[in-house]
Every structure is written in structure tokens, then in C-alpha cells.
Amino acid sequence: MQKDVFCTPICPFHAFTCYKNALIYRKTKRGLEAFCTWTGEPCIGWKCQFAGCSKHALLPDGTCKFKLEKISGKKEEEEEFSIEEEAKVYEKQVYGKIKDKLKKLGARIDDIE
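For any residue, its number in the numbering used here is found by taking its place in the sequence shown, counting from 1, and adding 1.
Each hint can be trusted.
Pair by pair, the computed Cβ-Cβ distance ranges are:
id : residue 1 : residue 2 : range
1  : Ala23     : Ser83     : 50 to 56 angstroms
2  : Asn22     : Lys93     : 49 to 55 angstroms
3  : Trp39     : Lys89     : 53 to 59 angstroms
4  : Lys56     : Ala23     : 19 to 25 angstroms
5  : Lys93     : Gly53     : 41 to 47 angstroms
6  : Lys93     : Leu69     : 34 to 40 angstroms
7  : His15     : Ile72     : 15 to 21 angstroms
8  : Gln94     : Leu33     : 52 to 58 angstroms
Below 30 angstroms or equal to it, Euclidean Cα-Cα: the simulated DSS-like pairs (lysine-lysine) are:
id : residue 1 : residue 2
9  : Lys89     : Lys105
10 : Lys89     : Lys104
11 : Lys21     : Lys66
12 : Lys100    : Lys89
13 : Lys28     : Lys71
14 : Lys105    : Lys93
15 : Lys48     : Lys68
16 : Lys21     : Lys68
17 : Lys28     : Lys56
Just so you know, the hints here were simulated from the structure itself, not pulled from any lab data. In this text the structure is predicted, and so the values were computed from the model without any measurement. A virtual CB, placed ideally from N, CA and C, is assigned to each residue, including glycine.
Required output: the full structure, derived from the provided sequences and hints.
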């Protein structure tokens with residue numbers, strides 16, 4: 002996995018949050034630095050137990066969902082089905098559930114169809 006897909010305290014989407022409210026940003030010679038006032042050290046990012054994402058994009062392995070989508074170039078979209086196809090699938094599911102109950106009641110399934 003690429004290094005730039007991991008969540009960092011200096012988030013380009015401005016979504017990284019510290020649930021301990023201990024995160025401050027400092028300007029240093031190297032640039033902007035995230036600093037934890039609770040530990041008194043630089044912020045360790047997604048590895049911290051108080052790290053989170055205000056846009057709910059932080060995945061459990063530390064990757065950012067927004068960065069993954071940006072790299073892949075497209076969002077994961079669900080397959081779109083037509084209404085008729087969805088109705089057929091739903092009808093089969095419901096018919097399967099009702100079929101067993103009708104057998105118990107003694108009704109002929111062929112007469113119903």
C-alpha cells in the first residue's frame with residue numbers, strides 16, 4: 002500500500018480530529034507540524050487511540066477513504082438494476098418464504114400460480 006493513503010493529522014480534507022482536544026498546529030522550519038499537548042510530543046496520527054475523522058473516512062487500518070478514492074480515480078458505485086429486475090428478485094425471495102407456509106396449510110401451489 003502506498004504511504005500517502007494513510008491518514009495524517011495535517012489532513013488535506015480538514016477532517017482529522019483529536020477526541021482528547023489536545024491537537025495544536027505549530028509552524029516550524031520544516032513546515033506545519035501537528036503537536037499533541039496531552040503527551041507533549043508530535044502527534045502520531047491514526048495510531049493514537051483518540052484519533053478520528055470528522056467525515057468518517059478513517060478506516061481501521063489507518064487509510065483514508067477519500068485518499069483511496071482520489072488515487073483510484075473513481076468512487077465505488079453500486080450496480081444499478083432496473084426496477085423490473087429488482088421486482089423479480091424480490092418476488093423470488095417472497096415466493097420462497099410463502100411456498101413453505103402454503104404447503105403446511107395444504108394449499109396446492111400449482112393452483113395458486
